[in-house]
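Asker: Each chain, letter by letter, is given below.
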Amino acid sequence: MKRLLIGFLTITVALAYAAHAQAQVIVIANPGVKAAEISKGDLKDIFTGAATSLPDGARVVPILLKAGTVHEEFLKAYIGKNDTTYRAGWRSLVFSGQASMPKSLDNDAAVVEFVAHNSGAIGYISSSSPHEGVKVLAVK
Amino acid sequence: MKKWTITMFVAALAAVTGAAQSLDDLNIQIHGYATQGFLYSTNNNLFTTNSSSGSPAWTEAVINITSQPYPKLRVGAQGRYELLGNIGGTTLSLDWAEADYRYNDKLGMRFGKVKTPDALFNEVQDIDPAYIWSLLPQSIYPLTSRNSFLSHYGGVAYGTLQPDKRLGKLEYRVFGGEGVDVANDPTLTLGEENSPVQLPNGWTGTLYGGTLHWVTPLKGLMVGSSDLAYQYWSSLATLNTGTTTINGSQYSWPCQYYWNYAQYEHDKVMVAGEYSRQQYAGGTTFPTDPSANSTFRVDVRAWYAMATYRLASKLIAGIYDSQSFDHQQPLQPVRYSKDWAISGRYDFNTYLYLKAEQHFVDGTALGYDANTNAGGLRTTTRLTLLKMGVNF
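In order, the protein sequences belong to chains V and U.
Per the numbering used here, the first sequence starts with residue 1, numbered consecutively.
Per the numbering used here, the second sequence starts with residue 1, numbered consecutively.
In case anyone wonders, no lab produced these hints; they're calculated from the structure.
Please read these numbers as outputs of a predicted model, since none were measured by experiment.
Backbone N, C-alpha and C define an ideal beta-carbon position, used for all residues, glycine too.
Where hints are given, some of them may not hold.
Dumping the calculated DSS-like pairs for lysine-lysine here, alpha-carbon to alpha-carbon at most 27 Å [unchecked claim]:
#1 V:Lys44 - V:Lys103
#2 V:Lys103 - V:Lys135
#3 U:Lys314 - V:Lys140
#4 U:Lys165 - V:Lys66
#5 V:Lys40 - U:Lys268
#6 U:Lys165 - V:Lys76
#7 U:Lys314 - V:Lys40
#8 V:Lys103 - U:Lys314
#9 V:Lys34 - U:Lys106
#10 U:Lys72 - V:Lys34
#11 V:Lys34 - U:Lys165
#12 U:Lys72 - V:Lys66
#13 V:Lys66 - U:Lys268
#14 U:Lys219 - U:Lys268
#15 U:Lys268 - V:Lys140
#16 V:Lys81 - U:Lys106
#17 U:Lys106 - V:Lys2
#18 V:Lys44 - U:Lys314
#19 V:Lys44 - U:Lys268
#20 V:Lys135 - V:Lys2
#21 U:Lys165 - V:Lys140
#22 U:Lys72 - V:Lys40
#23 V:Lys76 - U:Lys268
#24 V:Lys103 - V:Lys2
#25 U:Lys219 - V:Lys81
#26 V:Lys81 - U:Lys338
#27 U:Lys106 - V:Lys44
#28 U:Lys338 - V:Lys103
#29 V:Lys40 - U:Lys219
Quick look at which bits of chain U chain V covers, simulated, 3 or more residues with Cβ under 8 Å [claimed, not checked]:
#30 80-94
#31 99-111
#32 226-239
Work the whole structure out from these sequences, hints included.
Answerer: Next comes the structure, spelled out in structure tokens:
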């Protein structure tokens, strides 16, 4: 009984940690983007090159992080791929003439700076990173 | 058609560079990749290499440059160096050169020399970094004839429609233009080895077709179909009669090629299957010697089923069964090709990867040439492939 209780508590803590980790990634957009929220499906379409605009017709440009925990969490939560597979998908589009590679930036500060000053830019950062000058999109 | 599309592409390029205030405005990107492969086979030599002795004659390098000066307009070109056995290795070729205007997600157009968007993998067939396999299923993506169908001079209209969210999305591609097959294309090289008729100038022709992908409401499942109609001709066909060489021409009747396919991806798993049928017929005529005239007919039915699984963040494994039958051939090994393949890919990092693949081939319909198999072909072949690639 004691082992069962410890196992249950361990699983509960692990799930809570996973949920908390996922919640640490936020999606940001240039203030000119009118939408206040974005669906998971639309977010995935934008960041995989399947779409270039939101349902309201606003053209958006995805901005990536080069690497890191936030990048991995974003891919896991919203794209369903790891970085290797994700970038292979973009290379397919680039080398077959269907798209240009999205810009990849070094850190959250660079993403915020770019998104704030470029019309239609949409990116992702840690929720704990300063993000003045951009709007946060709720992912539904 | 070819001259018109090149002229339009150059005009678009001039308009873009003329309007730019600086290089930053042009948003220029340069990408590329290179691969080096090694083949070893039992019994037969494949793809014009001496693979039965082990052959490193499999190299390619690609350079890609694009510019997106306006949100809706992208211009770019991609060049390739390719060596496979006795094919290629001396010149650079143009993969594509296009201007792409995407009005919105429902409608976009690209024109120039463009990739032909048919079948499940045709657009990425020659993009080695895009997939796990060293060789895509040869039943539908034969390495030695892909240049003929990879691209065309003309245009593509494309877009995504979603009439009802509950039913998923429809992705469409409609294309047409002039086909491409130069004199040193592997298709011709291998075909000429097995035929007394030579086509020194290659062939040209017109093609049109469409592709429809249904991205279903079941997450990860896509079902699609493609159809291609083409007609080709060669202005010069030569035949050595033993005493002299006579000149003529070659033509095809309208040809039909269609593919039906499905792909499912979820988490670490991908499964896909595809069926195709290619039918064409034609003839070669020699005005000075009508007795030498001949006709030909091809009816190839092919399919494959494949699956991959991501074993670790950098390691993926896969397996496929690929089969092809030419129903116009006699009942001999030349009529069919059956190929089981097991494959693996390891990505050291974002830039460098290694592939290893083992094939178990039965039948001689695909990939063999007479020059490197002077002693004749055996029915079965085992093929081992190693390939290293770097991309940026």
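Asker: Next, verify each hint and record whether it holds.
Answerer: Structure-based check of each hint:
1. V:Lys44 - V:Lys103: Holds - the C-alpha atoms of V:Lys103 and V:Lys44 are around 16 Å apart, at most 27 Å.
2. V:Lys103 - V:Lys135: This hinted pair holds, its Cα atoms lying about 19 Å apart.
3. U:Lys314 - V:Lys140: Violated - the C-alpha atoms of V:Lys140 and U:Lys314 are around 31 Å apart, more than 27 Å.
4. U:Lys165 - V:Lys66: violated, 33 Å
5. V:Lys40 - U:Lys268: The hint holds at about 19 Å.
6. U:Lys165 - V:Lys76: holds, 24 Å
7. U:Lys314 - V:Lys40: holds, 26 Å
8. V:Lys103 - U:Lys314: holds, 23 Å
9. V:Lys34 - U:Lys106: Status holds; Cα separation ~20 Å.
10. U:Lys72 - V:Lys34: holds, 19 Å
11. V:Lys34 - U:Lys165: With a Cα-Cα distance of about 22 Å, the restraint between V:Lys34 and U:Lys165 holds, given a limit of 27 Å.
12. U:Lys72 - V:Lys66: holds, 25 Å
13. V:Lys66 - U:Lys268: holds, 22 Å
14. U:Lys219 - U:Lys268: holds, 14 Å
15. U:Lys268 - V:Lys140: With Cα atoms ~24 Å apart, U:Lys268 and V:Lys140 stay inside 27 Å; holds.
16. V:Lys81 - U:Lys106: holds, 26 Å
17. U:Lys106 - V:Lys2: Status violated; Cα separation ~59 Å.
18. V:Lys44 - U:Lys314: holds, 22 Å
19. V:Lys44 - U:Lys268: holds, 17 Å
20. V:Lys135 - V:Lys2: violated, 48 Å
21. U:Lys165 - V:Lys140: holds, 16 Å
22. U:Lys72 - V:Lys40: holds, 24 Å
23. V:Lys76 - U:Lys268: holds, 12 Å
24. V:Lys103 - V:Lys2: Roughly 52 Å separates the two Cα atoms, so the pair is violated.
25. U:Lys219 - V:Lys81: Distance ~14 Å between U:Lys219 and V:Lys81 Cα, so the pair holds.
26. V:Lys81 - U:Lys338: Roughly 32 Å between the alpha carbons, so the hint for V:Lys81 and U:Lys338 is violated.
27. U:Lys106 - V:Lys44: holds, 17 Å
28. U:Lys338 - V:Lys103: The given pair, whose Cα atoms are some 43 Å apart, is violated under the 27 Å limit.
29. V:Lys40 - U:Lys219: holds, 12 Å
30. 80-94: Since 0 is below three, the answer is violated.
31. 99-111: holds (count 5)
32. 226-239: violated (count 0)
In the structure shown, a violation is registered for the earlier hints numbered 3, 4, 17, 20, 24, 26, 28, 30, 32, in ascending order.
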